[in-house]
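Here are the chains, one letter per residue:
4 protein chains.
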Amino acid sequence: MQTQILERMESEVRTYSRSFPVVFTQARNARLTDEDGREYIDFLAGAGTLNYGHNNPKIKQALLDYLAEDNIIHGLDFWTAAKRDYLETLEELILKPRGLDYKVQFPGPTGTNAVEAAIRLARNAKGRHNIVTFTNGFHGVTMGALATTGNRKFREATGGVPTVGGTFMPYDGYLGNATDTLDYFEKLLGDKSGGLDVPAGVIVETVQGEGGINVAGLEWLKRLEGICREHDILLIIDDIQAGCGRTGKFFSFEHAGVVPDIVTNSKSLSGLGLPFSHVLMRPELDQWKPGQYNGTFRGFALAFTTAAAALKHYWRDDSFERDVQRKGRVVAERFQQIAAWISEQGIEASERGRGLMRGIDVGSGEIADKITARAFENGLVIETSGQDGEVVKCLCPLTITDEDLLEGLDILETSVKQALS
Amino acid sequence: MQTQILERMESEVRTYSRSFPVVFTQARNARLTDEDGREYIDFLAGAGTLNYGHNNPKIKQALLDYLAEDNIIHGLDFWTAAKRDYLETLEELILKPRGLDYKVQFPGPTGTNAVEAAIRLARNAKGRHNIVTFTNGFHGVTMGALATTGNRKFREATGGVPTVGGTFMPYDGYLGNATDTLDYFEKLLGDKSGGLDVPAGVIVETVQGEGGINVAGLEWLKRLEGICREHDILLIIDDIQAGCGRTGKFFSFEHAGVVPDIVTNSKSLSGLGLPFSHVLMRPELDQWKPGQYNGTFRGFALAFTTAAAALKHYWRDDSFERDVQRKGRVVAERFQQIAAWISEQGIEASERGRGLMRGIDVGSGEIADKITARAFENGLVIETSGQDGEVVKCLCPLTITDEDLLEGLDILETSVKQALS
Amino acid sequence: MQTQILERMESEVRTYSRSFPVVFTQARNARLTDEDGREYIDFLAGAGTLNYGHNNPKIKQALLDYLAEDNIIHGLDFWTAAKRDYLETLEELILKPRGLDYKVQFPGPTGTNAVEAAIRLARNAKGRHNIVTFTNGFHGVTMGALATTGNRKFREATGGVPTVGGTFMPYDGYLGNATDTLDYFEKLLGDKSGGLDVPAGVIVETVQGEGGINVAGLEWLKRLEGICREHDILLIIDDIQAGCGRTGKFFSFEHAGVVPDIVTNSKSLSGLGLPFSHVLMRPELDQWKPGQYNGTFRGFALAFTTAAAALKHYWRDDSFERDVQRKGRVVAERFQQIAAWISEQGIEASERGRGLMRGIDVGSGEIADKITARAFENGLVIETSGQDGEVVKCLCPLTITDEDLLEGLDILETSVKQALS
Amino acid sequence: MQTQILERMESEVRTYSRSFPVVFTQARNARLTDEDGREYIDFLAGAGTLNYGHNNPKIKQALLDYLAEDNIIHGLDFWTAAKRDYLETLEELILKPRGLDYKVQFPGPTGTNAVEAAIRLARNAKGRHNIVTFTNGFHGVTMGALATTGNRKFREATGGVPTVGGTFMPYDGYLGNATDTLDYFEKLLGDKSGGLDVPAGVIVETVQGEGGINVAGLEWLKRLEGICREHDILLIIDDIQAGCGRTGKFFSFEHAGVVPDIVTNSKSLSGLGLPFSHVLMRPELDQWKPGQYNGTFRGFALAFTTAAAALKHYWRDDSFERDVQRKGRVVAERFQQIAAWISEQGIEASERGRGLMRGIDVGSGEIADKITARAFENGLVIETSGQDGEVVKCLCPLTITDEDLLEGLDILETSVKQALS
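Protein chains in written order, with full-length UniProt numbering: chain A, 1 to 421; chain B, 1 to 421; chain C, 1 to 421; chain D, 1 to 421.
Just to be clear, a hint being listed does not mean it is correct.
Which copy? The list can't say, so a pair holds if one copy fits it or any two copies do.
[Said to hold, decoys possible] Here are the simulated DSBU-like pairs of lysine-lysine, each with C-alpha atoms no more than 35 Å apart in a straight line:
hint, residue 1, residue 2
1, Lys370, Lys96
2, Lys126, Lys187
3, Lys289, Lys312
4, Lys222, Lys192
5, Lys153, Lys126
No wet-lab data here; the hints were simulated from the structure. This one's a predicted model, so the numbers in the text were calculated from it and none came from an experiment.
Please model the complete structure; the sequences and the hints are all you need to start from.
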């Protein structure tokens with residue numbers, strides 16, 4: 001495989017190509033192929049961007065049909081038939097069945113753009129600058145979003161410009177099982193000299209992907225919603241990684257029965273890995289004036305098309321959800337077994353997650369890296385997350401076949417045993 | 001045309017659909033078609049994103065070929081054959097022939113992302129927080145980029161959070177023809193109590209697109225480069241709108257013979273309107289540590305593919321450049337005539353631009369709006385720019401046929417006369 | 001009493017004159033007299049500025065002696081005999097006996113100025129922007145200091161400019177007695193994605209005056225010092241209110257046996273109520289370049305003179321400390337009785353404090369206000385603190401006579417009973 | 001002279017003691033005496049803090065009278081007889097005769113505190129965060145004030161925290177005599193994409209003291225006032241150094257006939273060098289809520305007393321003003337002669353100033369330092385200002401005797417000739 005020009009010309013900022021130093025060429029559902037023809041099962045799935053698998057034939061066909069004629073590809077924020085079809089589909093298949101009433105903003109096709117728009121919306125609506133976010137939260141790295149992202153790797157790379165306007169609170173479980181971390185948040189909200197500027201909004205992931213597959217309890221989320229209501233604070237759920245079915249529901253917050261004021265989606269939203277994002281907001285929050293937020297690619301018609309196709313093929317009824325939940329249980333069970341085995345070796349390990357967003361916490365990044373390196377040798381692409389990379393995580397396509405899922409799990413188990421023996 | 005759902009569900013932030021309230025469906029080169037089958041000549045071209053026209057068949061074919069097999073579509077920042085091909089092509093056809101030696105970062109597929117990465121790179125490299133930018137500059141609206149964007153519409157919509165780390169200097173011509181605005185910048189640089197924090201970098205567009213087709217003189221750009229060198233400041237050229245041939249050269253700064261330390265490209269970079277951007281940097285500036293800047297869609301293989309195809313088809317020799325320059329002269333001449341006619345009506349008007357990035361300044365947004373509204377009725381999509389929208393601008397596809405170009409110009413002339421009579 | 005011009009001309013920002021709407025004219029030790037000749041016992045003492053009482057004759061005599069000749073009064077940062085005498089006295093009577101080795105900065109004569117200098121010093125020394133501060137902390141209201149001050153009254157009055165560079169942690173006891181709040185701080189320090197930017201310094205009051213007479217445990221302070229050492233973070237003790245003997249030691253941190261890297265003093269430092277402050281720093285931290293921090297009144301020779309006199313008269317041996325401790329016990333005992341009585345009335349109340357910095361927490365500002373209003377009627381000036389003004393606090397002069405102390409306590413007790421009956 | 005302890009214990013931040021490395025002990029009017037009994041004429045006068053001279057006997061007597069009884073010295077923001085007397089005197093002798101109607105805030109006794117309060121007031125009143133300030137302006141170094149101070153020495157010593165909320169415009173004359181710098185400001189105000197956030201206020205010195213005795217033209221100031229009125233921007237005159245008679249009028253803005261919305265005074269306000277400041281504001285701007293800005297020393301009764309005495313003795317009629325103007329002409333004439341002589345030596349030099357705030361610009365700090373060092377040897381304390389310290393400035397007491405003034409000028413002339421021969 002020719003990699004010289006890649007090593008020479010691409011910035012040192014590259015990361016995944018260090019863990020998986022091969023040139024990938026082809027991919028189908030949960031299988032990746034490198035240039036030498038070697039196949040890998042993919043438990044990373046574009047970091048949660050390929051919930052419907054690589055080259056999903058149903059979604060891809062919609063793209064090919066669209067491209068077959070000279071349909072408009074790039075449409076700024078024009079009205080296009082593709083956008084209209086997406087909005088209709090979103091309303092019909094997703095919002096209405098869930099009793100949700102949202103307006104939709106297309107802020108530019110990346111998650112960080114959606115977060116920038118969402119927190120600006122909250123600030124403008126409430127006339128307050130502060131946004132509460134949580135330990136180990138990840139919401140993007142552009143400067144506005146970065147104020148809500150906990151990772152020092154990014155926070156220390158701003159060239160000395162401190163972020164402005166975010167305050168971190170402890171996420172559910174951060175202080176141990178005995179402590180409800182919202183007690184602290186609520187106490188600070190009620191404290192006139194506690195140093196917490198009353199926030200315009202709270203931004204939260206129901207399951208923290210980059211932060212280490214940390215799972216917020218459903219009661220905790222419900223209580224958080226209640227605190228927000230009581231203090232006139234907007235609840236923003238960042239569903240960029242946990243949404244689009246990843247946790248076993250279209251929106252990850254459905255499990256908790258909360259109704260956010262603002263929702264951000266991206267990653268798997270386009271269905272095929274195309275850049276795409278939207279912000280959903282309660283209609284009364286839509287106080288934007290024309291053009292107050294913009295971006296060149298906010299009308300990428302190919303993504304509207306594939307996104308609508310994904311909804312149409314997977315979200316007409318609850319069968320897809322149920323299948324994801326079933327696979328989630330398979331992974332959970334197997335991860336628990338693996339974690340138990342690791343613990344038996346004297347390395348404390350535990351399983352956690354929701355739906356098909358699951359991880360094994362092995363306590364150290366070094367151990368996790370050994371496992372994932374061995375897995376890659378054995379034909380499995382799997383990554384870590386968490387502050388130290390200590391969680392081996394499974395973000396496999398939701399559409400993975402049972403055969404591939406089981407084979408992937410087998411490889412992982414083997415790799416764990418090889419790595420830790 | 002069904003527009004109810006669009007009006008009901010899409011956020012009030014929408015803009016272009018207010019000026020052009022139709023549903024567009026198809027598009028080919030410089031022609032747009034709405035749902036009722038009406039055709040429009042497109043002098044907007046995705047705000048400079050469609051330099052090669054809508055549905056460019058050569059570029060599109062590369063996309064279709066790529067999609068014909070299960071080639072990887074979304075690759076995070078994996079090494080992929082598509083990325084490698086893009087880098088090889090970029091080096092061979094663009095960088096080497098121009099004597100440029102740059103490393104390449106893919107920071108996420110939007111221009112604002114590229115700017116965020118570029119200014120962070122400059123700050124980290126120089127250990128200073130300030131970035132000098134220019135009046136009427138536009139570099140994106142995420143909070144980091146917004147510090148360098150002059151438009152109050154965006155700056156006042158941050159929900160009360162001031163931007164940090166940008167200082168505005170007067171752009172070339174801002175203080176009239178008699179004043180070299182760099183005198184002020186240079187004086188401040190040398191003044192220990194002038195209030196200017198020594199900047200890490202200067203970010204500049206050689207022609208300001210959103211700002212009103214303001215054209216920096218070649219001597220001014222050369223002097224700016226000299227000032228940067230002398231004061232150890234990095235020169236960042238934001239070529240997101242002016243690059244990819246728009247001004248008659250691949251990079252807009254080639255006209256001035258300057259060599260920036262950092263370059264941002266996006267918009268037309270993918271060739272087909274797909275979200276895509278890169279940051280070019282002198283190799284010694286590439287001090288990123290792995291993963292210090294990230295984003296989900298930084299390895300969008302479809303865009304690598306179409307971007308490489310665009311380079312291969314249009315940039316093997318200088319024939320495309322020469323054709324753009326020729327068309328630029330056609331537009332310039334006609335715009336001068338139109339401007340002269342307007343001036344004769346007692347409304348002072350003037351033409352300006354470089355290559356096919358040209359405008360007629362009619363002095364007020366109200367008048368410009370009348371003209372573009374009439375043009376739309378007459379079958380021409382054309383937009384305004386400038387602080388008050390006072391410049392009617394032509395950003396037609398570089399690939400526009402002579403017939404369409406002339407017809408578009410005819411429509412514009414007719415519309416001007418109708419609007420101002 | 002003529003108050004019209006005061007009401008008409010003085011800004012609405014005035015506060016104490018609302019609680020005590022009389023014109024004060026004379027004052028001696030712990031007694032204030034208003035224009036009508038009415039006397040009040042003073043349990044406020046300039047909010048801790050008059051530890052040695054009003055018009056302390058020994059200190060005042062030094063001032064009069066100094067003024068008797070044409071000694072220099074205002075000396076910028078010249079070397080003056082008055083400054084030299086102060087430094088010698090400080091070293092001889094305070095630093096050496098306590099085994100402390102500090103350099104001294106005179107940053108301007110107010111506490112907030114000292115805090116601005118201290119946190120800037122820490123940031124410059126460590127090359128990090130963040131300063132950790134604590135819930136209910138008060139460190140001044142100029143924009144730099146305000147980043148470390150918890151009170152919303154000030155934080156919300158900045159005209160929309162968010163403070164930059166401070167992060168709040170829970171103070172000792174904030175989460176109840178069962179929780180050591182430093183667990184949270186330590187966890188965040190060790191968490192690479194917890195959102196805590198590694199701080200340059202921690203700023204803390206050992207007893208929070210404005211925050212509600214919250215007392216940090218000695219073990220907690222010791223542990224905090226250890227955490228700072230372990231993580232290479234500077235420990236800044238803000239001893240502006242708690243210092244100069246208020247807690248029964250010259251420096252309030254002596255009780256805990258910690259040695260701060262930086263100390264701020266002001267308020268009672270001049271001994272007579274003259275504006276004065278200094279910053280003490282470990283010598284190796286003194287990396288200021290000449291003139292990097294300035295202010296017109298940093299060489300106020302009258303304050304050097306009275307400050308030296310105060311040290312000479314009260315700090316030659318430990319008799320003053322012991323007397324303060326004794327009086328502190330008297331107040332503590334009486335406050336406990338009063339708190340117990342209040343609790344018996346069904347209003348939960350408790351006593352807390354260290355030395356002569358003591359308060360009764362009555363749970364609500366409304367109740368506390370009733371008590372202090374009644375006390376004022378009865379001839380006692382006493383104020384509240386805490387986020388809701390819920391703590392009736394005693395900051396009487398340390399030099400108060402036993403008679404006045406007991407009379408003041410009697411008045412308070414009577415007032416409590418009148419107010420709550 | 002014993003200086004060891006001063007060198008050992010005082011922070012390296014000290015400055016004036018480097019230029020004048022002696023221990024000063026006594027001082028009277030315009031004469032300073034060091035510990036060895038050597039006398040110096042004082043052309044620095046506490047950097048403009050001692051307009052009425054050292055140990056002014058009339059003002060000092062008021063202090064001694066006040067101290068003779070147990071009058072209250074430190075009064076927080078209580079109503080005191082001393083404060084009332086100051087307000088009455090200020091109204092009667094200063095405000096009324098000038099037709100000014102202001103409310104008064106005592107924000108803490110330093111200039112930077114007054115500036116912090118003033119800009120916060122403006123921001124709160126207008127609901128905008130930006131404050132426009134000018135090149136070479138100096139308004140203090142606490143973080144809020146520093147946003148409006150141009151000097152890099154301070155701006156680069158914040159430990160990496162950028163200031164927020166200030167924008168610099170070119171001061172009068174900054175771009176040469178041919179350019180009215182307000183053209184640029186006005187253009188930016190009217191430019192919707194020029195990058196200037198519409199300011200809440202403009203803060204300006206009519207003569208820049210630290211910035212190099214730069215004198216704003218009276219027409220320029222008048223035009224600035226007009227621009228502020230037209231754009232609903234508050235005009236804040238920082239009269240901390242130029243006020244209290246320094247320019248030949250009590251307020252320096254009287255010359256131009258402008259009426260600021262907000263005024264800051266400090267330095268010579270107390271008359272005797274005691275820390276003191278106030279903020280004057282149009283009554284309708286006094287929207288502070290009780291206690292929104294505070295500080296321990298905002299009721300320093302000794303300063304109220306001396307400040308009232310200074311007004312009573314010097315501002316009952318215009319004789320003092322006229323005397324200052326006369327002396328100003330003496331200095332101006334002599335400075336012109338000296339500047340002419342310097343220019344004859346091939347070093348371009350020029351005189352400038354207003355009233356007794358005057359300087360000779362010798363073009364380089366090195367030359368200026370030679371002159372002031374030689375002057376000190378010859379018995380004259382005189383300092384430099386300007387971005388490079390290139391201006392030898394005279395800020396002698398306004399009360400200086402004609403003999404001392406002439407002797408000081410003679411020494412300066414001799415020193416210039418010695419230094420440059």
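Evaluated hints:
{"no.": "1", "hint": "Lys370 to Lys96", "verdict": "neither (46 Å within a copy, 41 Å between copies)"}
{"no.": "2", "hint": "Lys126 to Lys187", "verdict": "both (21 Å within a copy, 32 Å between copies)"}
{"no.": "3", "hint": "Lys289 to Lys312", "verdict": "within (32 Å within a copy, 42 Å between copies)"}
{"no.": "4", "hint": "Lys222 to Lys192", "verdict": "both (25 Å within a copy, 28 Å between copies)"}
{"no.": "5", "hint": "Lys153 to Lys126", "verdict": "both (31 Å within a copy, 18 Å between copies)"}
Violated hint for the displayed structure: number 1, the only one.
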